[in-house]
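Number of protein chains: 2
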Amino acid sequence: MRRNAIVALAGGIGAARFLQGLVHVLDPRQVCVIGNTGDDAEMHGLHISPDLDTVTYTLAGLANPRTGWGIRRDSFRCLESLKALGAETWFQLGDRDLATHIYRTERLRKGDSLSEVTGKIASVLNLRSAIIPMSDDPVRTRIRTPSGELEFQTYFVKRRTRDRVTGIRFQGAEEARPAPRALEVIAKAKGIILCPSNPFISIGPILAVPGIREALRQRRDSVAAISPIVGGRALKGPAARMMQSQGMPVTPLAVAALYADIAGVFVIDKEDRKHAREIESLNMRPVISNTIMRGLPQKKALARLVARELGMRA
Amino acid sequence: MRRNAIVALAGGIGAARFLQGLVHVLDPRQVCVIGNTGDDAEMHGLHISPDLDTVTYTLAGLANPRTGWGIRRDSFRCLESLKALGAETWFQLGDRDLATHIYRTERLRKGDSLSEVTGKIASVLNLRSAIIPMSDDPVRTRIRTPSGELEFQTYFVKRRTRDRVTGIRFQGAEEARPAPRALEVIAKAKGIILCPSNPFISIGPILAVPGIREALRQRRDSVAAISPIVGGRALKGPAARMMQSQGMPVTPLAVAALYADIAGVFVIDKEDRKHAREIESLNMRPVISNTIMRGLPQKKALARLVARELGMRA
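Protein chains in written order, with our numbering: chain A, 1 to 314; chain B, 1 to 314.
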């Protein structure tokens, strides 16, 4: 890792959009992403790492800009044929994207670690930022709903997050070890960013890996979290509904409370400036910005602000 | 299996072309193919069964008519991306074709047998003929050459059969059991055909599965073999060179001798009528025909002749 590096804890699409700005305002080699693997899944016998791939494809400039996931202009011929064979195909896998999964699955079966494979894929795609999974051990997010416990992708993609969430657990987290470099990059980073991702299902699994939360706590003054809640709504996905079903108010403050032990800085949208005082009461420094990233200029502006708050030249 | 069924022992492209004729002159439900799996291979962690797929795709009308293998009008986007990831991609795998391999690999890993998976694929593709692998156990053809022993596909595809063959062995054959229905269909068939496939690497592996050769021997009078050698040349592939390197004359007679214990009928091309007497000397009944199949009419004519020789109405 470069000196003066920024480490970013990231989920999928929301995080990737922010990171796109970050690698524009910093030398991309200064950016190291620790990615969520709680939403990893096996599909058709292949190991899928949706969040790692979303970040990788986005930073490589390959992502489908319309959906945020997958590869732009990909085709779905293999998936069509799998469907004809009776396979479940609610999880969209493009032909080019499949190569990533086939390659990863083979390498993992041959004994490579997820860190090694993730690094190799990033390097082939000419990524200049580092991307490491939160853990090389399997951690699987499982969603409790009134109709039973669901595998994450079943909840998220197949059932389109329509179930009420009554609980979340990270299967395997207790025995998981942080990926080899994860604790070291956190300890040595100039600053650490919790991307504007879902706190329960994107950042939550990363913090559930033993050692990571404690490592961040040690760096609290250098950790900035960006609120994924703006004006009572989630920037993306089911975060707001998850908060409601847990009886939490849908406010940046409620998210800040989840991070109060690990983040000294909390970035909220201008629309939420009324919460600044409450955030101070959590002993966090509120930073007010425009956090809705419609295009690259907004992504860069937000990234620049956060990087500067962490003492970077950006 | 239907009453009055024909069982055909088949390799890949040459056999598939003949079988295309056979299912036109018989009710396709009367045809049961026992396919070679000696050329099965693992590519990118996926289980490939090239000969089973060639026969399946051909009988399903999906085969690429130009190459004989793969699926017509397939694309190769996934393979291009695998190549970018540094994977070896000399074995061409189309996007649609890959679905077959992904599906097969997952089902095998989950404990299904190759017979079950092969049957399921055939059924999805609306095949009316039965296709069963020679064995559900792994048998792998390995080719000895002056530069060492090669995996079959390395010899056949990567190195384009250019090595001199000094020996062939069927790894795993001794412990392999015939696929569940193989001996039964041979025992009950009205007639059995050894397709015009390479005797060493297409029919050879099937005969190497313990029990199959003996089962054919019991049915010798109802077994017809079609010479893959015409006028001193192989219809396709390296059969002629393999015969030469073993010091065999490149004649139908030499092939007939390989089958003399199991086939009572031997079909040769008109061009080779001079060998008829020698074939009789092996106690085989020579049948003279046009065995070069340029189009469907020739395929049908040859199939009809062979079927009638075996007592079928065709």
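Just to be clear, a hint being listed does not mean it is correct.
Same chains, same label: a pair holds when it works inside one copy or across any pair of copies.
Below, in silico cross-link-like pairs of lysine-lysine (DSSO-like), each with a Cα-Cα straight-line distance of 30 Å or less [unchecked claim]:
id : residue 1 : residue 2
1  : 270       : 120
2  : 83        : 274
3  : 110       : 120
4  : 300       : 190
5  : 300       : 83
6  : 120       : 299
7  : 83        : 110
8  : 270       : 110
9  : 190       : 83
Rather than coming from a laboratory, the hints here were simulated on the basis of the structure.
Predicted, not measured: the structure shown is a model, and the values here were computed from it.
Status of residue 120 relative to residue 110 across identical chains (alpha carbons, at most 30 Å): Close inside one copy (15 Å) and across copies (29 Å); limit 30 Å.
At most 30 Å between alpha carbons: which applies to residue 270 and residue 110, within, between, both or neither? neither (50 Å within a copy, 53 Å between copies)
Using 30 Å as the alpha carbon limit, work out where residue 300 and residue 190 are close: within a copy, between copies, both or neither. Close inside one copy (19 Å), not across copies (76 Å); limit 30 Å.
At most 30 Å between C-alpha atoms: does residue 83 with residue 110 qualify within a copy, between copies, both, or neither? Intra 28 Å, inter 18 Å, cutoff 30 Å: intra and inter.
Have a look at residue 300 and residue 83 and pick one of within, between, both or neither, based on CA distance no larger than 30 Å. Neither way: residue 300 and residue 83 sit 41 Å apart in one copy and 34 Å across, limit 30 Å.
For the identical chains here, do residue 270 and residue 120 meet the 30 Å Cα criterion within one copy, between copies, both, or neither? neither (40 Å within a copy, 59 Å between copies)
If the cutoff is 30 Å on CA atoms, where do residue 190 and residue 83 land: within, between, both or neither? Let me know, please. For residue 190 and residue 83, the Cα distance exceeds 30 Å both inside one copy (48 Å) and across copies (37 Å).
Identical-chain pair category, residue 83 with residue 274, by Cα at 30 Å: For residue 83 and residue 274, the Cα distance exceeds 30 Å both inside one copy (51 Å) and across copies (53 Å).
How would you label the pair residue 120, residue 299 (within, between, both, or neither) given a Cα cut-off of 30 Å? within (27 Å within a copy, 50 Å between copies)
The structure is inconsistent with the numbered hints 1, 2, 5, 8 and 9, although it conforms to all the rest.
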